[in-house]
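Participant: Chains as they are written, first to last, in our numbering: chain A, 1 to 361; chain B, 1 to 361; chain C, 1 to 361.
Just so you know, nobody snuck in bad clues.
The list treats identical chains as one, so a pair stands whether inside a single copy or across any two.
In silico DSSO-like cross-links for lysine-lysine, where the CA-CA straight-line distance does not exceed 30 angstroms:
id	residue 1	residue 2
1	Lys16	Lys112
2	Lys75	Lys310
3	Lys75	Lys52
4	Lys193	Lys346
5	Lys184	Lys75
6	Lys310	Lys184
7	Lys52	Lys184
8	Lys299	Lys75
9	Lys16	Lys310
10	Lys310	Lys297
11	Lys75	Lys297
12	Lys310	Lys112
13	Lys346	Lys310
14	Lys299	Lys310
15	Lys226	Lys193
16	Lys297	Lys226
17	Lys297	Lys184
Since the hints were derived computationally from the structure, they do not count as laboratory data.
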Amino acid sequence: MTDMPEPRPEANPIIKANYPRNCWWVATTSDQVQREPVALTLLEMPVVLYRKEDGGVVALDDRCPHRWAPLSSGKVTGDNIQCGYHGFTFGPQGDCVRIPSQSQIPSRCRVKRYAIEERPPFIWIWMGDPERIETGPPEQAQWPADPAFSFWTGETVADGNYMLLKENVLDLTHFGYVHATSFKILDWVNPPKVTTTDDTVTYRQEFIDCTLPPMFAEATGISMSKPVNRYNYGTYISPALNVATLDIEDPDPEPGTRSTYQFKVIHVTTPESPTRFRYLWFVGFDIPNMDPQMLLKFKNITDIGFAEDKAIIEAVHRRITHDPRHLDYPEIIVQTDQAAIQARRKLAAHLERDRQGPDAI
Amino acid sequence: MTDMPEPRPEANPIIKANYPRNCWWVATTSDQVQREPVALTLLEMPVVLYRKEDGGVVALDDRCPHRWAPLSSGKVTGDNIQCGYHGFTFGPQGDCVRIPSQSQIPSRCRVKRYAIEERPPFIWIWMGDPERIETGPPEQAQWPADPAFSFWTGETVADGNYMLLKENVLDLTHFGYVHATSFKILDWVNPPKVTTTDDTVTYRQEFIDCTLPPMFAEATGISMSKPVNRYNYGTYISPALNVATLDIEDPDPEPGTRSTYQFKVIHVTTPESPTRFRYLWFVGFDIPNMDPQMLLKFKNITDIGFAEDKAIIEAVHRRITHDPRHLDYPEIIVQTDQAAIQARRKLAAHLERDRQGPDAI
Amino acid sequence: MTDMPEPRPEANPIIKANYPRNCWWVATTSDQVQREPVALTLLEMPVVLYRKEDGGVVALDDRCPHRWAPLSSGKVTGDNIQCGYHGFTFGPQGDCVRIPSQSQIPSRCRVKRYAIEERPPFIWIWMGDPERIETGPPEQAQWPADPAFSFWTGETVADGNYMLLKENVLDLTHFGYVHATSFKILDWVNPPKVTTTDDTVTYRQEFIDCTLPPMFAEATGISMSKPVNRYNYGTYISPALNVATLDIEDPDPEPGTRSTYQFKVIHVTTPESPTRFRYLWFVGFDIPNMDPQMLLKFKNITDIGFAEDKAIIEAVHRRITHDPRHLDYPEIIVQTDQAAIQARRKLAAHLERDRQGPDAI
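Generate the whole structure from the sequences, applying the supplied hints.
Facilitator: This is the structure we're talking about:
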């Protein structure tokens, strides 16, 4: 192979670590953490979570500072966690409380502790500078705790950059193509109205005198042939969270029935690395105590639909990462991309703030 | 691990992208492309192929310029292909003919289109500069369309550089070792005569008063113990194509039987990347309407034999790519390598022409 | 993805090639090499081993210098090995003795030959400078050939750096955590006494008036409740070899029984690469002809225990290689690490000697 020619210039792009550390992220859901240690990868960091005897959640770097074994392979004793290699034991603040082979504990022998805010159904984590911690995670993900709602949930891991999912849920003109046979929302064609605040981006799309797609007709009991008004809007709240709402307005309700309904979605994205993220969703109606069979049916439709999103996102990710000549080939931006483009700008500003802090690398 | 010493210098070689773009390559075979989109990787590029309503083959970059979804995950509508993400639709020339969410189509919204020449059984593709397109693919691969021939075919994907296969079929002294129990051609020992033209390299080996290996005896009906003459010759036609021929000459044919037969092989190599290629072969005799059972038997032998080549080539490739000290260890060149060495030179010249054109990177 | 921010600095550490070439390593065990070629990866080099007609072991670079096929895919003929690609044949010294296609043999056509010392049950190999070869491999691994011992053995491959295993067996305070339910040695808590020579590191731990863990009680017939003295000591002999001994002293033996027993362990580590090694162990008692059922039971316990070591070592290795911010996070060193730290120093000195020789890269 000695007289083979020079290679073409290296062009494979590196997907970047585009997630700010100074941000509330969703580590996992409340039901996933009990007394046993749970190992997670969050923003490339190994993290171990467990509950203390009083039920409070502890989050520590999942690495013993002695020989770097994962603490998650050890066991919880009282409020502490004991490494499975040599028994070094750490308290909920990350301080070493016991080294079995000696009485003196080196002052540097401690693990990083992360702040946790549990707001069921979510366990939020702050991975950034403790000095810059923000007051609580976003409020917009609280409705599943409201008994006025019936909801279902699901989770997947996608091999792609998390922003591809954020951009996906900010341009819903993909419904008619990606989800033509699952969600069956076929009339979402035009670009939405987009507004922004300092940190958020919101689209709004109105469907006046339109009919309801099957799932919404079934949930509300409104006939699929009856004209109603649909007001769709959704918001990029933070790198961790997008929410979406559909207000259904029946201008001529049957006697004794409601004239408005609300359908809500929470899209939670937690990057494990620049090329992989966990995607968690909660979906529900403001209808109490819905029939479990109906909820299960809706969960199945949603699982299928979000698997369709995962498939297309992973395919896009492969194109971005594997195409050797991508630089000749910029993205085409059209009007329906407006919300996603604005979200990229919010993210870029967030990352810039991240870099300027004392925790900057 | 902190006081571990410095690493040895990095020595893993990078296998180079040694395939000219200005060359006719075989994308696939005619039977593999119908109306449904077919996704291929050709010279590291994702390409989608489909047939128009008139049967003509279209080849486009398999990436929507909007959000980079693979067009192959969409569907063919009429002569166009519609992206499966947001419905952007492209015509056979790569021009965007529809964006569902808006009427205006940005002028840059188009995908690259590749020239196709279908000459059954092959679909040839030109991935290089359209201004430098050459007049048609090589003629030497046309015999399978000739009813005077009976043939069989096969295909595999090998994890190695495609030139390893080209070099393999230019030095057939490997028959006695790699294929001792499959092709059973055990008398190919001496170096062949090698001749070249501007672009091609041909070896020629003559076996006078020799016997026939089993497959050739069975196909021709000549006894394995009868001395005949065998004239083997093969040519590096281009980076995409090698061909080989065996002329069998029976100097004393049985009454009413032929005195000459021809056996032909087409070796098609299509790189997917510097470290992977598709290998496609057509093999046949100039005997019409051979018995299907005999053809199937010969196909089985060939599949086994070419799997032996794949195995040794992949093993060589692993040595080339994984040995950390390979630079101390040049190849030993002997007389039987003459054709392969000349082929490397033709390839190097081809790559040099490639670089000098306006399409150069 | 065009306006995404700059990536954080690359931080994934590279595990280094921390194995000296000028060292006797264990290639494999005597029973693993017969006449058929055996392919091994030793210190990143592909090596082929086979036995000559007189039983002597040959070790050659496993790459034909012609086209780099692995010689191990060929066959042994007499005392030689014949490449499976074009039949080039090499003698036990690595000299080419036959090229089938020509009579002249280029002087450079040879493969590197490695010195072998077979001392059953081990085949030792010298991969370094032949001029600097040391007089024979270490003597401390010879006891399995002594009929006074009964022993068992096992082998595994671990995805980690080999020094993690060396450090593991030099700090046995992990017994109470990693092996709490397998070896059941729960009283190894305090730091051992550590001594060194120019090249070796030895720990020593004494347990006076202590009881025996189950396996030792069963082997010796001493009751688990009887106080005895245990003298444990182990040595880092070389990068290839650690040994450990337990002397059991019964101060008040039953009439007609022995008052002392010896239990011995050989830990052999052979790196395949900086991130993978083979781990081979021999374990035995100085009790002749032990019951095969008892030996099998002990082998099962040992296999389980050493699989526990493999699991924790691989987990540590993943932390070392995958954590992007490890540099902020030095190891905490405590008193029980003393032997491991000394072993690192012996290794560093060995690697420094390696670099200074004429074989240095």
